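*Asks:* These are the residues of each chain, in order.
There are 2 protein chains.
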Amino acid sequence: MNGNEEEETIFEIGAVVPRRNVKEEDEADCVQVLIDEFRKVGLIAERVVGVTDEFIKLAAPLETLGRAATELQMRKRTHIGIDLPFQWEEVEAFVRQPAGSLFSWCERFRCYCHLIYGIANKSRSAVTLKFDGKIFHWEVEEYLLQKLESEKIVKQVFPLHDERKRKKLLKSWALHWWSFTYQPIDEIYLYYGPKIAIYFAFLGKYTRWMLFPAAFGLTLQLVDFGSLQLFMLPAFFIVVILWAVMFSQFWKRTNSAILARWPISYAVADDPGYKIPSEEGSSLQPPMELIKEWEADKAKGKKAFQRYEWFGPLMRFRNDAIIILSIFCLQLPFELAYAHLYEVIGSDVVKFALTAVYLITIQYFTRLGGKVSVKLIKYENNENTEKRADSLVYKVFGLYFMQSYIGIFYHALLHRNILTLRQVLIQRLIVSEVLENLLENSIPYLKYSYKKYRVRNKKKSEKGASKGKIQFTSRVEKEYLKPSYSASIGEELEDGLFDDFLELALQFGTIMMFACAFPLAFTFAALNNLMEIRTDALKLLVMYRRPVPRPAATIGAWLNIFQFLIVMSICTNCAFLVWLYDQEGKWRIEPGLAAILVMEHVLLLIKFGFSRFVPEEPAWVRVNRTKNTTHAQDMCSKQLLRTISGGEKAFGVVRKLE
Amino acid sequence: MNGNEEEETIFEIGAVVPRRNVKEEDEADCVQVLIDEFRKVGLIAERVVGVTDEFIKLAAPLETLGRAATELQMRKRTHIGIDLPFQWEEVEAFVRQPAGSLFSWCERFRCYCHLIYGIANKSRSAVTLKFDGKIFHWEVEEYLLQKLESEKIVKQVFPLHDERKRKKLLKSWALHWWSFTYQPIDEIYLYYGPKIAIYFAFLGKYTRWMLFPAAFGLTLQLVDFGSLQLFMLPAFFIVVILWAVMFSQFWKRTNSAILARWPISYAVADDPGYKIPSEEGSSLQPPMELIKEWEADKAKGKKAFQRYEWFGPLMRFRNDAIIILSIFCLQLPFELAYAHLYEVIGSDVVKFALTAVYLITIQYFTRLGGKVSVKLIKYENNENTEKRADSLVYKVFGLYFMQSYIGIFYHALLHRNILTLRQVLIQRLIVSEVLENLLENSIPYLKYSYKKYRVRNKKKSEKGASKGKIQFTSRVEKEYLKPSYSASIGEELEDGLFDDFLELALQFGTIMMFACAFPLAFTFAALNNLMEIRTDALKLLVMYRRPVPRPAATIGAWLNIFQFLIVMSICTNCAFLVWLYDQEGKWRIEPGLAAILVMEHVLLLIKFGFSRFVPEEPAWVRVNRTKNTTHAQDMCSKQLLRTISGGEKAFGVVRKLE
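Protein sequence lines, in the order shown, are assigned to chains S and D.
Under our numbering, the first residue of the first sequence carries the number 1, and numbering increases by one thereafter.
Under our numbering, the first residue of the second sequence carries the number 1001, and numbering increases by one thereafter.
These are calculated hints, taken from the structure and not from any lab test.
Here the structure is a predicted model, which means the values were calculated and not measured.
Among the hints, erroneous ones may be present.
Stated by the list, open to error - Think about it this way: if two alpha-carbon atoms lie no more than 27 Å apart in a straight line, the pair counts; the simulated DSSO-like pairs of lysine-lysine are:
(1) S:K300 / D:K1252
(2) D:K1152 / D:K1459
(3) S:K302 / D:K1205
(4) S:K460 / S:K155
(5) S:K171 / S:K205
(6) D:K1460 / S:K638
(7) D:K1302 / S:K298
(8) S:K205 / D:K1302
(9) S:K387 / D:K1252
(10) D:K1298 / S:K205
(11) S:K478 / S:K447
(12) D:K1387 / S:K252
(13) S:K300 / D:K1205
(14) S:K252 / D:K1152
(15) S:K351 / S:K152
(16) D:K1252 / S:K205
(17) D:K1300 / S:K205
(18) D:K1130 / D:K1165
(19) D:K1303 / S:K252
(20) D:K1302 / S:K252
(21) S:K252 / D:K1252
(22) D:K1252 / S:K302
What the hints assert, rightly or not - Far from chain D, by Cβ distances over 12 Å, these chain S residues were calculated:
(23) Q32
(24) I82
(25) F86
(26) T128
(27) I185
(28) E187
(29) L220
(30) V239
(31) Q423
(32) V548
(33) Q639
Ideal Cβ placement from N, Cα and C applies to all residues, glycine included.
For reference, chain S alone in the conformation it holds in the complex (with noise of 0.2 Å):
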C-alpha cells in the first residue's frame, strides 16, 4: 500500500491574485492571510510572482483529503460493491483507483473545492484585511475566498496541469502518430476524469469501426461493377445501416467495460462532484421537502412524488415544443430562404457575399438560441446538473441540425441532380472537417499569444520601455493566461467536449444521411478522424488549462443524437433511392417502390431489435461485478448481518413487522 504518488507534492491548484506593489509582509495582507488560512487547513500553499499577476499553487496531502471527503460524507466504492460514505478511519474498505491511489482526480477536486471555499471565520470578532492600501472586513461565519472573489482579489481558481503526467501523456497519446486509434484511455482517465476519457474511447473505436465503411465507400468509388452498379447502392446503404447500428450497440459494450476498470461510484451523474459549493444552492436540487412529506403520510407523499415527476417531463416537453416550434417558424424559412437564393443567384461574388452575410446571422442566431435554451432549461427540474446538460443538447442539437442538413436538403429535392448534390457534400465536408479543425486548433493558441502579447503591452506600458521582451518564467503564468477549455454555447453546462461530440455528430449527420448520394463521405469522415483524435489530445494537452473534471460516466445524450441519425438515415436514403430509381417523378408504387418501402420496414425493424439480442454489458463485466461483490459480502456476510441487526436495533427502525 503506497501512497507515494501522493506524498509527492504536486500543485493541482492555481489562484490568481493582483501582483501589488507594497512588498513588505504585512499581517494583515489579505493574500497572506489566505495562504496562511490554506494551511490552517492541510494545504501546502506556494506563492509564485509572476509578470503582472501573483500566484498561490496549492497541493494536499492524501490525510488532507481524507479529512475533507469525510466531512463531505463523500459517497465512495467499497469491496462488499456498495457505496458508502468516506471515513479516513477506515481508509482500508475502499476500492482504489487503477493507478493505486485512493482518490480519482474528480474527488480530489471536489476534495480542494470543499477545503478552500470552505475557510470561514471561526473567530469571535471580525478580521480587518488589507489589500493595497484598501481595507475591508473579514465578518464572522463569512467566507473568506467568496469575499475575497467578490472583492476582485481572487481573479480565479483553476486547476494547474501536472507537468511530470502531461510530458508523459504527450509522448504516449497526442504525439503517438504511428498508432491509429490505439489511446493510453486508463491514463487519460487518471488525468482528466471519466467524460474526456470517454469521448477519446468513443472516438477510438467510432474511427477504428469507420475504416471498413470507408474502405468500401472507396471500392465503390474505384471499380467499376458493369451490371451491378444499379445494386451496389442499395447493398451499400444496408451495409452502413447495419455498420451503424452495430456500432451504437458495440459502443454501450465497450462503454460499460472501461467502467469496469474505474471504480466509479453508482451515484457518479447524482455527484455534483465538479461544482463550487456557493453553487450547490440552486434550486434544482432533488425534492427534499418531498421526501419529508413522503415520509409523513406515503399515500399523499405519492402523490407528491407523481405531481413532481409528471411535472418535469410536461416542462422540458413544452420547452421543446418552443425550441421545436421557434426552429420550424423562424430558422426554418431563414435557412429555405438562404438555400432558395444561392441557388438562384448566378453571381459567384454575390454568392461569396450572401453567404458571409448568413454565417454572421447564423453565428447569431445559434447564440441566441443557445441562450434561450439554459434560460428554458432553468425552469425544468431536471435531476442533475447531467440531465440539464443532455437537455441542452438536444435542444441545441435541433438547431445544428436544420443549419447542417437543410441546404443539402433543398438541393436534392430541387436539382434532383446526383452530380451537383456530390459537389455540395465534398464543399461541406471539407469545410467543416479542415477548416473547423484548423480554427479549433488556432483559435485557442491564437487567443493565448494575444493574451500574453495584452500582458506584456500592459507591463511595457507601466515599466516604460525597458529591458526589451518579457519572459513569462512561472509554468503556472503561463497555464493562467491559456484559455479554459469551455462550450461555445451554454458555458455554465457544458465544457468543450460539446464542440468535439457536436463536430463528430455533425460529421455522422452527414455521411450518413447522404450515403447513397456519395459513399466517398466516409473515407474523407475516417481520414479527418484519425487526425481529429492526436489533433484533439494535442489541443487538451498544449493550448488549453487543465480542464474542470467532470463525473459523467456515458456519453450521455450524444448516443441518443447518434440512433436518431440512424433511423433519420434509414429515411432519408429510402427516399433518395426511391427518387433514384424514379427518373420521371411521378412517385408510382412498382414493385421498386415497394421493394424499397420493404427493405426500409426491415432495417427500422433492425435498428430497434438489435439491441434486444446484443446486451449493453459484456459477460465477463457482468459476472466479474456480481462475483467481486457477492464474493465480497459472502466473506464478512455474518459480521455484515450482526451490523445490520444491530443497527436495526440501536437506531430503532420501525419496521412494518404486522
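Once you have looked at the hints, place chain D on chain S.
*Replies:* Only chain D this time, still in chain S's reference frame:
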C-alpha cells in the same frame, strides 16, 4: 414481531402413497420410516387415509424453515438493501413480507423441497424397507424420497391449498363480481407467489385501460358522423395505437410499483426456487468452469466469456431461424391452403368437415412445434429457466401467430370486402373468447369428475357393489384428484399461465391489427376480459391444485410480444387504410397515400420514442428504494466499514494497490 401465521399448523405440502391392505404398525414399513424421517428434520407430518390412496400432509415450524434456508444459503433482502445469505441466528437483519411473515411462499416451498428431498441415509448400513410385502434396501447416502419415487411408492408430491386463505380469497377475489377490475394483488402474491399475482395485475390493468377504446369503438359503431365518417377510422387508429403504446409503458411502471411492495430478492430470476433439487444438476447452470478460468487468467477468461456469450445468442438465432423457416415452409402453405379452400368451397357441410380436419391437424401441428421448440431450447445455453421459458414463448407464439391471423389476412387480401372481413373477425372473436372461456373452465372440472369417477369405479370393483356412493371425505384427497395448473405446451418450462397469456396476446393481436376494420372488437374484448378476471380466479381457486410457485417478477416475454404486436398493427392498419382509400387497386402514391406513409412513420417514431419520455420506474419507487437503502446503510456505515476492512484483512483478499 409475531410469527403467528407460521406458528399455526398449516399443512402446505402433500405426498401420496397407495393405500395398503396391511394396516398394522410395522417398524420397517417404508411409509412409517418416511414419516419418521420427516419428523426428524423438524417437519410436522400427518397421515390421512383416503379412498384408494394414503396421504402424508406436511407442515413446518418457522425455525425448521429458517434452518433449511440457512443450509441453502438462500439469498434474502436485508434492511440495508443488499441480498445476503440467510442466517437463522441473524433473522432480525432480513426484510419481512408485507403480511409480516419471514418467508414468502416461494421461499417456503424451496425450503420444503430442500428438507424432504434432502433426507439421506446417514447411518453406516443400508436400511431394509417394506411396502405391501415388497422388500427393498435404502442404501447408505441414498436419498429416501427419490428412492421411493423411483420405486413408484410415492406417487406425487404437491403443494396443498390453505383452506382458510383460499376461502378468504374466494370471497374477496373470485366472487367479488361487482368490483369489476379490482383485485387483492397483495393477497394473491402471498398465496400464489409473484408470477401469478403479476399476471392478474396485468389482466386487471389491461382491462381497465381497455374500457376507453371500447367506449370509442362503440361510439363509432352507433353514431353516424356524416361527412366526418371518412376521418373517423384514421382517428380511431391513431388513438388506439397511442393507447397501446402508453399502456405498455405504463404497465412497466405499475409493475415496478407493485414490486416495490414485495421484498423480492434482486437475484429472483436466477433463483431456482421452484425446482426440485434432483433436477438441478442440468448442464444449463451458469458456467462455473468459466468463472474459474477467469480467476486463473483474466485475459484468457475474458475471451472464454466472450465465446460463451456469443455462443448462446448464436444458438438461439439458429433455433429461431429453424422455427421461422419451418413455419414459413410448412405451416404457411398449410394455412393458406385451408384459407383458400374455405373461401372457395360453397357447401356448408364440406366447409364444416374441412374445418374439423383443419382443427385436428393444427392441434397436432402445434403440439409437434412445441415439442421441437423444447428440444431446440435444450441446446441453447440460456442463463436460467425463466430465460428458457421466454425463448419457448417466442417460438411457440410464432406458430400461434400464423394459425390465428393468416386466415384473416388471406380473407382481407382476397375479398377486399370490409363487411365479410368483419364477419370473419366476429366469428373469430366469439369462437376464441366465448368458447375458449367455456372450455378452459369446463375441461378441468370434467377431468376432476372423471378422475373421481374412475377412483370410485375402481373402489367399487374391488369391494363389490356395496354401500352405494363413495364419499371423498378428506380435503387432501380431493385436491389430489384435481388437475394441476400446467401449460398445454412445454410443460417442463411453463405453467398454466402460458395458456392464459397466450389467449390475451392473441386477443390483443386480433383487436389491434384489425382495429380499423372492426372497432367494435374492443368492446367485445373488454367485456370478455371483465369475465376472464373472475373466471381465471375461480379456476385457480376451485378447479386446480395449488400451483407450484414461480419467482418471475415481470411478465417477461409477453410484454415484448405485445410490443411486437403494436408495431405490426401500425403497419397492417396503414396497409388497410391505403387499401380502403384506394378502391381501384392501382396502388398509386397520391397525397392520401403519402399522408398515410407519413402517419405510419410518425406513429413508429412515437412507439419507439415514448419509452424515453416515461421512465419505467415511478419516481416515488426509486426514491423510496434508494432512500431506504442509503438510510439503513448510513446508519450502520461505521460498523459496516469496520466489517469490510476487517473482512478484507481476515480473509486476505489481495487487492491491486500498486
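*Asks:* Need the status of pair D:K1303, S:K252: alpha-carbon distance at most 27 Å?
*Replies:* Roughly 18 Å between the alpha carbons, so the hint for D:K1303 and S:K252 holds.
*Asks:* Is the hinted pair D:K1130 and D:K1165 satisfied, with a Cα-Cα distance of at most 27 Å?
*Replies:* Judged against 27 Å, a Cα distance of about 38 Å means the pair is violated.
*Asks:* Please verify whether S:K300 and D:K1205 have alpha carbons no more than 27 Å apart.
*Replies:* 22 Å, holds
*Asks:* Verify that the Cβ of S:E187 lies farther than 12 Å from every Cβ atom of chain D, and report whether the claim holds or is violated.
*Replies:* 16 Å, holds
*Asks:* Was S:Q423 rightly flagged as not at the interface, with every chain D Cβ beyond 12 Å?
*Replies:* It holds; S:Q423 is separated from chain D by about 29 Å at its closest Cβ, greater than 12 Å.
*Asks:* Starting from D:K1302, check that the Cα of S:K252 is at most 27 Å away, please.
*Replies:* This hinted pair holds, its Cα atoms lying about 17 Å apart.
*Asks:* May I ask you to check that S:T128 keeps its beta-carbon over 12 Å from the closest beta-carbon of chain D?
*Replies:* Given that every Cβ of chain D is farther than 12 Å from that of S:T128, nearest at about 42 Å, it holds.
*Asks:* Assess, step by step, whether the Cα of S:K300 is no farther than 27 Å from the Cα of D:K1252, and give holds or violated.
*Replies:* Status holds; Cα separation ~22 Å.
*Asks:* Does D:K1252 sit within 27 Å of S:K387, going by the straight-line distance between their CA atoms?
*Replies:* Given that 27 Å is the threshold and the Cα spacing comes to 22 Å, the pair holds.
*Asks:* Taking only the CA atoms, is the gap from D:K1252 to S:K302 under or equal to 27 Å?
*Replies:* Measuring from Cα to Cα gives roughly 17 Å; hence the hint holds.
*Asks:* What's the verdict on S:K351 and S:K152, does the C-alpha distance respect the 27 Å limit or exceed it?
*Replies:* At roughly 48 Å apart (the allowed maximum being 27 Å), S:K152 and S:K351 break the hint.
*Asks:* According to the definition I'm using, a residue is off the interface if its beta carbon is farther than 12 Å from all beta carbons of the partner; does S:I185 meet that for chain D?
*Replies:* 16 Å, holds
Hints 6, 7, 14, 15, 16, 18, 24, 25 and 33 from the list above are not met by this structure, while the remaining hints are.
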